[in-house]
Amino acid sequence: MKYTGNVIKYGDNVDTDVIIPARYLNTSEHSELAAHCMEDLDKTFVSRVKPGDIIAAGQNFGCGSSREHAPIAIKASGISLVIAKSFARIFYRNAINIGLAIVECPEAAEALSEGDTVEADLDNGIIRDLTTGKEFSVEPFPEFVQKIIENGGLVQSISNGVIK
Amino acid sequence: MGMTMTQKILAAHSGKESVSAGQLILADLDLVLGNDITSPVAIKEFTKLGKDSVFDKNKITMVMDHFAPNKDIKAAEQCKMCRDFCGDMDITHFYDVGKMGIEHALLPEKGLVTAGNVVIGADSHTCTYGALGAFSTGVGSTDMACGMAVGKAWFKVPGAIKFNLTGSLRKYVSGKDVILHIIGMIGVDGALYRSMEFTGEGLSSLSMSDRLCIANMAIEAGAKNGIFEVDDITLDYIREHGGSGPVIYKADDDAVYDQVINIDLSEIEPTVSFPHLPENAKTFGEFGEIPIDQVVIGSCTNGRLEDLEIAAEIMKGKKCADGVRVIIIPATQQIYLDAMEKGLLKIFIESGAVVSTPTCGPCLGGYMGILADGERAVTTTNRNFVGRMGHTGSEVYLASPATAAASAVTGKISSPWEVMGK
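Protein chains in written order, with the numbering used here: chain H, 1 to 164; chain A, 1 to 422.
One thing to keep in mind: the hints can contain errors.
What the hints assert, rightly or not - Straight-line distance between alpha carbons at most 25 Å, and here's what the computed DSS-like set of lysine-lysine pairs gives: (1) Lys-43/H x Lys-74/A; (2) Lys-74/A x Lys-75/H; (3) Lys-156/A x Lys-147/H; (4) Lys-346/A x Lys-318/A; (5) Lys-44/A x Lys-147/H.
Worth flagging that the hints you see were computed from the coordinates, not collected in a lab. Only a predicted model underlies this, so the values are computations on that prediction, with no experimental measurement involved.
With the sequences and hints as input, model every part of the structure.
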């Protein structure tokens with residue numbers, strides 16, 4: 001799993017209400033959700049995000065509600081990977097379950113700057129900041145979780161008989 | 001090695017003699033929950049699985065509570081999708097307008113959860129049922145879909161923080177003040193990925209409403225679940241509400257905890273969490289006069305009968321302050337009926353408050369009390385993030401029903417002790 005994109009940087013405790021405000025939860029259409037992604041935190045996000053871009057954020061990213069609409073909105077907006085110091089647990093499992101790549105790396109999350117070009121090679125556990133030349137190592141996913149991701153998410157894992 | 005309450009329940013539901021923190025397990029589910037916001041996404045995922053039936057029609061429940069009674073056409077379409085699915089799958093526990101209540105008040109009231117259960121719900125406040133001695137946690141819609149299909153979910157076994165409670169709460173102080181105090185102490189990620197386990201001699205002074213409220217907000221400290229040791233108060237509640245046979249899991253004496261925190265309940269004061277994080281907890285004396293525009297008393301956190309009773313006691317014979325809109329939302333039809341029979345609704349209406357049908361509505365900025373730019377609300381809900389109840393320029397202050405009621409009559413954030421005496 002390799003991802004390359006430019007960094008969009010946020011702080012600590014980015015909650016699901018700002019990722020996708022509840023007033024838009026009367027739909028589950030991915031494109032509609034993406035159109036309002038990050039709206040209450042960063043009104044410029046939707047206009048400046050490019051396919052492949054990478055979010056780098058602080059602690060407890062995705063805290064708050066269980067709405068799967070949050071990782072769906074991020075993924076549908078074109079973000080390829082979220083790097084954070086830590087993730088709220090429901091967001092973490094939702095992201096895995098829908099196939100949005102996420103990785104915990106406090107050092108990278110701290111050091112990466114807005115606009116840096118980043119290459120993440122999660123198979124080998126390396127994040128490279130191509131703008132500054134810095135490198136960071138990350139823990140691989142547990143095998144069980146890796147299986148879910150390799151099978152394209154939880155629904156596919158059940159369809160493929162990986163989880164019975 | 002000893003196990004925590006949570007670890008024992010997870011071991012029993014995954015066919016293992018013991019489990020330890022960090023282990024990945026596949027657990028059998030006793031109940032799978034969804035609401036009108038999260039279920040439509042789950043139904044779409046369920047359809048992809050190509051299954052023509054659910055794992056057990058009696059172990060799935062859908063509650064139309066967030067944007068119901070339907071707030072707009074899109075909300076109506078979402079509720080219709082849930083209604084049709086539950087009809088097609090012959091789901092026993094489908095709760096629509098007229099029967100529904102706010103899910104986390106409704107399920108315990110209907111006896112759908114009992115001690116020792118494993119419950120997942122596509123709603124973050126599913127952790128509420130830990131008050132009944134169940135392992136109960138919020139998940140997303142895909143987990144809900146797969147739970148409906150196979151009756152299982154994967155979990156990473158959590159470590160735990162033990163809260164040893166002593167003493168008893170003072171008058172007009174409730175479970176809400178306890179949990180706001182705790183979140184203020186450990187922070188919004190203070191229990192991240194872990195269980196919050198509540199035990200100690202202080203438990204005996206906490207009502208089920210207090211416990212349900214405390215467990216409900218475990219998620220606001222980042223916890224996977226909150227859970228209370230089962231005692232006679234729990235067992236009486238389960239029996240009175242027709243719950244099935246409880247199975248009691250007590251933590252081993254040598255259970256391993258990441259941290260033990262002692263809380264003397266008699267020291268807890270009325271507490272308010274300031275915008276825009278639940279961890280911004282303050283007690284009276286730490287802030288000056290803060291005028292308000294709206295009060296909301298309700299939600300899965302504090303819409304139970306006991307919450308309405310204490311609010312009515314404070315508001316009785318008084319008028320809501322000029323310029324303050326006061327919205328009272330009984331959490332279920334039964335609570336609504338009980339509040340009516342006890343004369344609480346009359347007290348609220350005579351004081352100038354409105355009483356709404358059960359709904360999550362304003363808590364998540366859905367409808368039924370949205371705030372304008374610059375407006376300020378004292379609410380008994382659970383989150384005060386930016387824009388949570390409306391405009392991003394509005395502010396939500398989290399408090400107990402007693403503090404919210406006191407604030408309703410004074411028009412500023414007020415301690416119930418200030419209005420009623422200690």
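Verification of the supplied hints:
no.	hint	verdict
1	Lys-43/H x Lys-74/A	24 Å, holds
2	Lys-74/A x Lys-75/H	23 Å, holds
3	Lys-156/A x Lys-147/H	15 Å, holds
4	Lys-346/A x Lys-318/A	12 Å, holds
5	Lys-44/A x Lys-147/H	22 Å, holds
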